Amino acid sequence: MITKEEVQHIAALARLSITKKEEGKFRQDLSAILDYVEKLKKVDVSETKETSRSISIKNIMRADEVSKFEKKLIDGHLKVKSILR
Amino acid sequence: MILTELTISQAHQGLKKKEFSATELCRAYFNNIESTNKEIFAFLALREDRALSEAKKADDLIACAQDFPILTGIPIAVKDNILVEGTKCTAASKMLENYVAPYDATVVKKLKKQGAVILGKTNLDEFAMGSSTENSWFGPTRNPNDLTRVPGGSSGGSAASVAGKMALAALGSDTGGSIRLPASFCGVVGLKPTYGAVSRFGLMAFASSLDQIGPITKTVEDAKIVFEVIKGKDKMDSTSVESQFPINNFQFSIKDLRIGVPKEYFVKGIDPEVEKIIGAAIKKYGEVGAEIIEVSLPHTEYALPAYYIINPSEASANLARYDGIRYGYSEVQNPKSKIQNLLDVYMETRGKGFGAEVRRRIMLGTYALSSGYYEAYYKRAQKVRTKVIEDFNNAFKKVDLIFTPTSPVLPFKIGEKIDDPLAMYLVDVYTVSINLAGLPALSVPCSGAGKLPVGLQIIGKPFEENKIFEAGKICEY
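First to last, the sequence lines map onto chains A and B.
Note that the UniProt record's numbering has the first sequence beginning at 1, numbered continuously upward.
Note that the UniProt record's numbering has the second sequence beginning at 1, numbered continuously upward.
Derived from the structure by calculation, the hints contain no laboratory data.
Computed from a predicted model, the values in this text were never measured in an experiment.
A few of these clues could be false.
Claimed, not checked - Okay, the calculated bits of chain A under chain B, using three or more residues with CB under 8 angstroms as the criterion:
| no. | region |
| --- | --- |
| 1 | 13-21 |
| 2 | 25-35 |
| 3 | 39-53 |
Here a beta-carbon is modelled for each residue, glycine too, at the ideal position from N, C-alpha and C.
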């Protein structure tokens, strides 16, 4: 079973606030799922390469164009909502 | 004539012969929505005014054109994680409760170009994470065949809208079975296209190496019609590709068809009722001349655990963008909030804006990707993914299509599995490997089922949707 400290550590990494009550539930749920995926250790993958996607494509490019906000161009700059106040 | 009983091609013919107008067709569906949506809750948002003006536009075209596109005036529902410009797109999350889509997804653009009528946005498990549509922040959708049961998920609203005759067709998204499972549970047809066949531009990213958009329809023919319209390469989705296979006019003969049945799919855990109905459906294919061959997919039992590492890992990265700054819900706007600094904004926004299952997946994915665990979980799962793909490649040397049940169980009761995430994940056991391998697969309802529908899953080689459609039609007779 994963520990309370581990749950807190993951939550911090994931930028999620969780309550004390949720901590217990996360320990229980995550442990059950992690126990289940333990199965994967039974597969011999010593000679196997990873697959990150099912089709082989590489470096697909297109022009990066602003299409939507032209009318708000001010001196060549885009006007967007402020995020700091 | 009951307008909401028609298929797409029947409705198209009717519009062509001026037996009814697109406006009448659209109104017929809104009448059904008005009487039925309250108890089924398939739709989160309706766009009645806009839909009626789209129908009017379709009627104007029909009045002056000899020929018009097949989807002109056809009323379609769209899952609420696919953007429709100017309409709210919530992903069934508190996080995006008030988010308005700034542009059309490519698939929606393609539907609109054909003159289709977009009725509204359908319910889903929050951010498409779930198998029952119970994880929606706005409340669960109910199965039109039995209101005490779930419609499957995550595209439960889309499937229920078609099954409940509230839409002629719908779009869903499928990351691990989210089109096929609800299609199976609701007794309609659902296609998960080959990875790359349909553009995902404008689909909210969940697990990007697995996600695909596809149709949910009344018939296989309808699924084919919608798929033909939405497929194709799109410069806005770098993973999309143009298929080389013709959809129509290709050689198909049931006598030449070799159907593989994987023995690993008929083991402990399958409902005997499902096994019986699927067995009978497969037998029927043998009787009409197909060759039925037992095949082996030895890594079947490892596909689900691999999926439940890869999926949350990708999700945890994709959902990092919901930070209280860029999109939707923000603790900054909460006057009672105790936030002190930027970190608090992230933590509190994400803690309050995401529901239980979304947070569970983010936690799981973050754990699997974290330093010290990456090799043991994520990397190993990706290697097992390779094994799963090799299994399919080997099987497809001997057969053209693979037949399995879509789900091991019948539609379950609302509330039955919601507190046990692992039990919920196990419902996806027959569908996730198809996403891991990027293959196309169709769920088609079997005849002979009782009140609760059972779906047959037909899996094909990459980009051979055409064969799947032709074979799927036989199941409907």
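Here is how each hint holds up against the structure:
With 6 residues bearing a CB less than 8 angstroms from a CB of chain B, the region 13-21 of chain A meets the requirement of three and the coverage assertion stands. As drawn, the region 25-35 of chain A meets chain B at 6 residues by the rule of a beta-carbon pair under 8 angstroms; at three or more, the given contact holds. Interface restraint, the region 39-53 of chain A with chain B: holds (12 residues with C-beta to C-beta distance below 8 angstroms; minimum three).
Hint violations for this structure: none, all hints satisfied.
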